[in-house]
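Note that the protein sequences, when read in sequence, are chains A and B. Residue numbers for the first sequence follow the UniProt record's numbering, beginning at 1 and rising by one. Residue numbers for the second sequence follow the UniProt record's numbering, beginning at 1 and rising by one.
The hints are simulated quantities; they were obtained by calculation from the structure and are not laboratory data. Honestly, I wouldn't trust all of these hints.
No distinction is drawn between identical chains; accordingly, a pair holds when it is met within one copy or between any pair of copies.
Listed next, the in silico BS3-like pairs over lysine-lysine satisfying Cα-Cα at most 30 Å (straight line) [what the hints assert, rightly or not]: (1) Lys143 x Lys360; (2) Lys156 x Lys38; (3) Lys11 x Lys38; (4) Lys143 x Lys38.
In this text the structure is predicted, and so the values were computed from the model without any measurement.
Spelled out from the first residue to the last, the chains are:
There are 2 protein chains.
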Amino acid sequence: MKAFSKDTYSKRRDILKKNVESGIIVLMGNQESSVNFKDNWYPFRQDSTFLYYIGIDIPDVMAIIDVDSGEEVLFGDDLSIDHIVWTGPQPTVQELASEVGISKSLPLSKVEEYIKSASGRNVHILPPYRPENTVKLQSWLGKVAPSEELIRAVVKQRSIKSKEEVAEIDKAVTISAQMHLEIIKNARPGMKEHELVGMVQGTAVGAGGTLAYPAIITVNGQILHNHYYGNTLKEGDMVLCDTGAEASSHYAGDLTRTFPVSKQFTSEQRDLYQIVLDSQNAAIDMLKPGVKFKDVHLTACAKLVDGLKTIGLMKGDTAEAVDAGAHAMFFQCGLGHLMGLDVHDMEDLGEQFVGYDEPKSTQFGLKSLRLGKELEAGNIVTVEPGIYIIPELIDLWGKEKKFDQFINYDKLNDFRDFGGIRIEDDFVIDEEGHTLLGEPLAKEIKDIEAIREASFS
Amino acid sequence: MKAFSKDTYSKRRDILKKNVESGIIVLMGNQESSVNFKDNWYPFRQDSTFLYYIGIDIPDVMAIIDVDSGEEVLFGDDLSIDHIVWTGPQPTVQELASEVGISKSLPLSKVEEYIKSASGRNVHILPPYRPENTVKLQSWLGKVAPSEELIRAVVKQRSIKSKEEVAEIDKAVTISAQMHLEIIKNARPGMKEHELVGMVQGTAVGAGGTLAYPAIITVNGQILHNHYYGNTLKEGDMVLCDTGAEASSHYAGDLTRTFPVSKQFTSEQRDLYQIVLDSQNAAIDMLKPGVKFKDVHLTACAKLVDGLKTIGLMKGDTAEAVDAGAHAMFFQCGLGHLMGLDVHDMEDLGEQFVGYDEPKSTQFGLKSLRLGKELEAGNIVTVEPGIYIIPELIDLWGKEKKFDQFINYDKLNDFRDFGGIRIEDDFVIDEEGHTLLGEPLAKEIKDIEAIREASFS
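Work out the full structure, taking the sequences as your base and the hints as a guide.
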């Protein structure tokens, strides 16, 4: 059930105890989540920080770490024989605890008493994102006030992946690449988007995990938050596929490819695709320790502007356009994010702690960049530039002639039904610079077209 | 987005208003549910009663029906242009309301005021099963006290399926049958259970829906609550597969088949399989309006006992054995349940209202029967007898020689590693008796073996 050795978890907790000055640390596990009635459950997902420090992948357990005394307690309830008839034999809570190096266990009914006995000392909690955990913390503590000290300690540890973590992420990305390859081969005119979603979901679950996030598989790639799968694929469309596997260890992969429903891209699609790919390559080249990811983002934006100028969609000085934020007509979001046990790693802990060490820009476009700070060896990042032609944004900005010194609105209107393109890969930052994670997945125009061509014959 | 016509929803609400005497009816929609951070969501599932009366399949809406004035209000918030840049153009809340025959809409911020304005009148709510809805109802009403009058009115309507509902359930069951057929054909020694789960999930999602409940696909069919998929299929094992599709309209299918990993059943497997199949057929023969489902269950149990006596696992008088509950050594659960928008239809509303009109038995086995009452035309039921050899139960009862006048413990011990068998189909009760739902799926021993045999060549 656990991904790593007993020692791994003990050592992680020992470091945590050093990074938090005093008090007790309450690590909430997750419960089952109900779909349409109480006992019909979504697939169980343990909390990622709980997985990182405790490693126990079942519902209804939680842990408390006493920083001062060093005591570690796993809370959970053993099954009665009546339950075991339905579930088969299960390890006891104490057995589970021992497997991850925790010597003490108590029933859940003792949590409140244990927390109350720490009265007067710091009780460190993380921000809850599930309502039932909010309710519990509220009832035990009277208020839900996450501990910045604990958040910073967790972020510090989880941001730097060990070799064994990188190996798990590499597996997840390889499964993700297989998911993409399957649909690049099998997508056909006349199919519904949900048929492709079924393929990638089947592959992810078949590999022993699940999807790391709801798949975006759409002929409307310009709609960034798109989980509608009812469109029919037509000749001339592109499919934007943003999907990634969660491996059985719960580490995530996150890849995006955009490919033509026909055997080949149209000439316009080819032009814009190459601009996105050039932007991605420029960004990837910069990845190394000590470089600010915000600067990588801005370089990718500049490269997009350079390309868009060559085909007449943008104009003027590239640096000035990026500085003003004019590229955000085409690229409204961020270049990438940290990845790990969460696809947006530690998003629950707060972007100001995870992605930034200075205040984030409020400029449209830049304000959606999740990661701005300096890269360190052991970080895992995605690099995912895109071009999204959003008719509503053309109309909104066009009306006020916003950035018309940089944007060629006349020409842009010819592209208003173009759609969207994104290309995304995952990298580990290492001392030498960076390494691509997972089996490489085709992304050059000629390679994508070759796969499509071969698959039709 | 909606499954049926505007008129269908208006008429359903008109009937509901007649069946509730006075006051206002608050129908909670569902929100998104977070997986591992707030904005990483499980696939959205609307509440089934909300779908039934309102039909709007998006998060963050709810409805209030004033029984006395007849007013119907949909509550929800329109997207701002900032949102539309990310989501593409969306219908307004008022447009959504109009599509289902509701003339008035208000923002969510007005719910509390609307409810407070009904002060002194009955405010009817259903039992919440998601914590965020519990929290909301608590804050608006001060307490969460579900209305028995509303529950009874909803159960009365939802229990009897219209032709168009039956057609949707038929579709869901046909997809479910395809899911089963695929794994009966493709299961091979050496595969992991999760590879089969990937196939059925891919098929369900590919068809435009999802799974109606977490699949049970296991070589340990005797573990009734089994969602572990890590075992390897071996020659001589049986795979118990209990899985069903939720169609895009959200109606469920629910089928179970048990098949050999080898091309054929062993002689022991064949004996027990035929006993379960005979029991299922005896039960199916009884299905018609006016028959108590509890009696169908007891007939199925008696048939199991008859069969188990022929191979020496049980002994004594069949009727006495069933009356005492001795068959529950082999069949610990209920014969079936209602099915509709929920796989266990309306389980959130309470079994005492949905499945029974008299107190339920507390006997081990019978107490797990979800449906006891008289069948009516328009009911949808599952029929799913089984034989489960549970070592822990043999040891528990064997120690106290429980029912040893009916159970041959010596012989049973030879079967302790046998596993489990279940066979399940879905039926609509009609005036003529009953009709099988979905495309028929092989279940005779010779038919299952023929599919296995053919698939290997």
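If you test the structure against every hint from before, which numbers come out violated? Of the numbered hints, all hold.
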